[in-house]
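Asks: If you want the building blocks of each chain, they are given just below.
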Amino acid sequence: MALITTENLRKVFPVRKRLFGGQEYVTAVDDVSFKIHRREVFGLVGESGSGKTTCGRLLLRLLEPTSGSIYYDGVDITKLTGRELLSFRRRVQMIFQNPYESLNPRFTVYDSVAEPLIIQRIADGEERRRRVIEALERVRLTPAESLLRRYPHELSGGQRQRVAIARALVTEPDFVVADEPVSMLDVSIRAGILNLMLDLRDDLDLTMLFITHDLAVARYMCDRIAVMHKGRIVELGSKEDVIENPQHPYTRALLSSVPRLHSLSKT
Amino acid sequence: MGIIEYARTSIKENWSLFRRSRMGLLGLAILAFFAFLALLAPIPRLIDDMYHPMVGVDPEISYSTPPSLRHPMGTDFMGRDLLSQFLSGAQIAFAVGITAAVISVLIGTAIGLTSGYYGGKVDALLMRLADIVLVLPGLPFIIVIAAALGKMSIWIIVLLIALLGWPGVARVIRAQTLSLRERPFVEAARVAGAGDRRILLHHLAPNVLPLTFLYAALGVSGAILTEASLSFIGLGDPSVVSWGMMLQWAFTTGHTFRAPYWILPPGLAISLLSLSFYLVGRALEEIINPRLREP
Ligand SMILES: Nc1ncnc2c1ncn2[C@@H]1O[C@H](COP(=O)(O)OP(=O)(O)OP(=O)(O)O)[C@@H](O)[C@H]1O
Ligand SMILES: [Mg+2]
Numbered sequence: 000m001a002l003i004t005t006e007n008l009r010k011v012f013p014v015r016k017r018l019f020g021g022q023e024y025v026t027a028v029d030d031v032s033f034k035i036h037r038r039e040v041f042g043l044v045g046e047s048g049s050g051k052t053t054c055g056r057l058l059l060r061l062l063e064p065t066s067g068s069i070y071y072d073g074v075d076i077t078k079l080t081g082r083e084l085l086s087f088r089r090r091v092q093m094i095f096q097n098p099y100e101s102l103n104p105r106f107t108v109y110d111s112v113a114e115p116l117i118i119q120r121i122a123d124g125e126e127r128r129r130r131v132i133e134a135l136e137r138v139r140l141t142p143a144e145s146l147l148r149r150y151p152h153e154l155s156g157g158q159r160q161r162v163a164i165a166r167a168l169v170t171e172p173d174f175v176v177a178d179e180p181v182s183m184l185d186v187s188i189r190a191g192i193l194n195l196m197l198d199l200r201d202d203l204d205l206t207m208l209f210i211t212h213d214l215a216v217a218r219y220m221c222d223r224i225a226v227m228h229k230g231r232i233v234e235l236g237s238k239e240d241v242i243e244n245p246q247h248p249y250t251r252a253l254l255s256s257v258p259r260l261h262s263l264s265k266t
Numbered sequence: 000m001g002i003i004e005y006a007r008t009s010i011k012e013n014w015s016l017f018r019r020s021r022m023g024l025l026g027l028a029i030l031a032f033f034a035f036l037a038l039l040a041p042i043p044r045l046i047d048d049m050y051h052p053m054v055g056v057d058p059e060i061s062y063s064t065p066p067s068l069r070h071p072m073g074t075d076f077m078g079r080d081l082l083s084q085f086l087s088g089a090q091i092a093f094a095v096g097i098t099a100a101v102i103s104v105l106i107g108t109a110i111g112l113t114s115g116y117y118g119g120k121v122d123a124l125l126m127r128l129a130d131i132v133l134v135l136p137g138l139p140f141i142i143v144i145a146a147a148l149g150k151m152s153i154w155i156i157v158l159l160i161a162l163l164g165w166p167g168v169a170r171v172i173r174a175q176t177l178s179l180r181e182r183p184f185v186e187a188a189r190v191a192g193a194g195d196r197r198i199l200l201h202h203l204a205p206n207v208l209p210l211t212f213l214y215a216a217l218g219v220s221g222a223i224l225t226e227a228s229l230s231f232i233g234l235g236d237p238s239v240v241s242w243g244m245m246l247q248w249a250f251t252t253g254h255t256f257r258a259p260y261w262i263l264p265p266g267l268a269i270s271l272l273s274l275s276f277y278l279v280g281r282a283l284e285e286i287i288n289p290r291l292r293e294p
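Protein sequences appear in the order of chains A and B.
Residue 90 in numbering that gives the first Met the number 0 sits at position 91 of the first sequence; the count goes up by one each step and never skips.
Residue 231 in numbering that gives the first Met the number 0 sits at position 232 of the second sequence; the count goes up by one each step and never skips.
No lab work stands behind these hints: they were computed from the structure.
In this text, all values refer to a predicted model and were calculated from it rather than measured experimentally.
Each hint should be verified, as a subset may be incorrect.
Distance ranges between label pairs, derived from CB positions [what the hints assert, rightly or not]: (1) R37(A) with G119(B): 33 to 43 Å; (2) G194(B) with Q246(A): 38 to 48 Å; (3) P104(A) with P41(B): 51 to 61 Å; (4) R69(B) with P104(A): 33 to 43 Å; (5) A123(B) with V14(A): 41 to 51 Å; (6) D202(A) with D130(B): 51 to 61 Å; (7) T80(A) with A34(B): 13 to 23 Å; (8) L79(A) with L177(B): 20 to 30 Å; (9) D123(A) with L25(B): 12 to 22 Å.
In this text, a Cβ means the ideal position worked out from N, Cα and C, and glycines have one as well.
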């Protein structure tokens with residue numbers, strides 16, 4: 000059974016008002032329906048502005064959809080409030096594009112990783128500390144103790160993104176949205192982060208929505224891929240189908256703009 | 000992970016930068032000197048009753064005398080010791096300046112954060128209120144209130160200064176909050192399940208803290224000047240000896256041009272102390288502003 004099902008999802012943003020005449024709107028996500036299976040890495044690819052991030056935010060209830068529904072484990076999450084919303088938050092997490100921006104500059108590594116535990120009242124005292132260290136070790140930041148009191152500006156980009164991943168996984172979620180998690184990182188450390196995410200998926204039985212505009216990365220990471228264009232999904236299939244045998248002209252155009260599709264191979 | 004701890008680390012981080020500012024250090028030195036004087040204020044009256052700044056009178060003197068061994072800074076028109084009045088003035092200046100600045104900065108920060116974070120109607124309402132207070136002419140407004148209330152207490156003066164001082168702070172903190180709330184770490188906090196309260200107190204407030212410090216320092220300077228002006232024109236608290244009050248007594252008893260030993264010390268002290276807070280504030284601003292621009 001699918002972990003996530005979206006039906007006719009739409010998100011319309013009001014943008015600036017015109018001087019004469021009415022309000023203008025942008026349809027960021029337009030009539031999108033898909034399923035994400037358990038333990039699957041589901042890729043969302045498309046050019047900038049195609050609605051990928053908006054789609055991810057909708058799935059995590061960071062935005063309210065204009066219309067349509069989202070089922071998580073059979074429950075329509077667009078109607079959750081209060082305590083139910085909080086326990087939903089415990090099961091889903093997000094890894095952001097820019098690790099320089101997604102960690103609060105005034106939080107130490109410990110503060111950042113412990114925050115979800117504190118909010119969810121999952122563990123306190125020694126237990127909390129133990130869980131934080133365990134999460135840091137899981138993302139291969141060792142020795143973890145020596146990092147606890149560091150601030151983000153004292154860490155490298157790769158270390159920061161690992162801290163962000165540790166923070167996302169410390170509550171042991173089932174579902175993670177990764178929004179271009181390596182695009183801001185140096186090319187030399189990308190493969191390390193991607194492999195880490197695949198290993199964590201296996202170890203923790205994660206389901207993932209993986210957003211990227213880089214088809215090489217999508218091919219490496221994903222089981223199935225959906226191609227977004229102007230808010231709509233124009234093609235959806237297994238990565239082999241989408242990349243070896245694209246049906247939609249937009250997918251072909253996207254593929255032809257990627258010269259080095261075979262340069263990233265599994266290690 | 001409280002706000003106190005942020006304050007502590009932020010002070011530690013910034014001290015090394017502050018040390019490079021000569022004007023800031025000068026300001027801090029003057030400030031420390033007057034703080035020391037303020038601490039000495041209770042001592043004279045312990046030595047002898049006649050050194051009480053308000054009710055102590057030298058039994059052998061009934062007119063203003065220049066500095067002497069008995070009265071190192073001279074006496075006022077009825078034989079009260081000017082040194083003990085001067086020390087008491089330092090104490091009042093700190094009490095009034097710091098309390099008024101802290102209250103107005105607290106109000107301003109709370110309103111700025113709320114306004115910037117929630118936006119919409121709340122923001123519109125609070126900012127209209129700030130505009131109204133901002134256009135009130137400060138000193139004349141307090142004078143009218145003072146006249147209406149009759150005699151003033153020092154704490155009413157402090158409160159009035161504070162209530163007039165917050166809008167500037169609120170505007171700056173609001174602008175800062177508007178840009179902070181769009182930063183991805185706020186969304187990351189929401190993903191972790193944080194509610195509005197946690198985002199405001201743990202994520203936004205610590206990031207506006209440096210600005211709050213800056214405005215507190217500048218606010219003290221303004222509050223000291225306002226209290227001095229009020230006392231000088233006779234609207235101060237008559238039960239308290241402040242520097243402005245000393246000047247007023249010298250003025251109304253016709254000593255302005257005859258007793259430099261009486262009017263110079265409080266006059267200079269008012270200027271120097273408010274200047275010192277201003278210098279410290281400017282030095283803080285130099286530290287904070289380039290940092291605000293960096294992500
Ligand atoms: N909060 C918002 N308010 C108004 N418009 C928005 C908002 N968020 C996104 N949009 C608009 O919605 C459209 C889709 O944006 P989105 O961020 O989802 O694209 P994306 O595929 O993630 O792009 P990128 O690759 O640049 O991250 C864009 O036109 C964008 O300007
Ligand atoms: Mg995006």
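Asks: Is 33 to 43 Å respected by the C-beta to C-beta distance linking R69(B) and P104(A)?
Replies: Violated, at about 59 Å.
Asks: Quick check on a hinted range of 51 to 61 Å for D202(A) and D130(B), using CB atoms only.
Replies: holds, 57 Å
Asks: Cβ-Cβ distance between P104(A) and P41(B): within 51 to 61 Å?
Replies: With Cβ atoms ~44 Å apart, the hint is violated.
Asks: Given the range 33 to 43 Å, decide if the beta-carbon distance of R37(A) to G119(B) lies inside it.
Replies: Holds: the Cβ-Cβ distance is about 40 Å, inside 33 to 43 Å.
Asks: Tell me if the beta carbons of D123(A) and L25(B) are separated by a distance inside 12 to 22 Å.
Replies: Violated: the Cβ-Cβ distance is about 48 Å, outside 12 to 22 Å.
Asks: Mind checking the hinted window 13 to 23 Å against the Cβ distance between T80(A) and A34(B)?
Replies: violated, 53 Å
Asks: Verify the CB-CB distance for G194(B) and Q246(A) against the hinted window 38 to 48 Å.
Replies: Given about 45 Å between the Cβ atoms, the range holds.
Asks: Does the Cβ-Cβ separation between L79(A) and L177(B) fall within 20 to 30 Å?
Replies: About 29 Å separates the Cβ atoms of L79(A) and L177(B), which means 20 to 30 Å holds.
Asks: Is the distance from the Cβ of A123(B) to the Cβ of V14(A) consistent with 41 to 51 Å?
Replies: Violated - the Cβ-Cβ distance for A123(B) and V14(A), about 20 Å, lies outside 41 to 51 Å.
Hint check: violations occur at hints 3, 4, 5, 7, 9; the rest are consistent with the structure.
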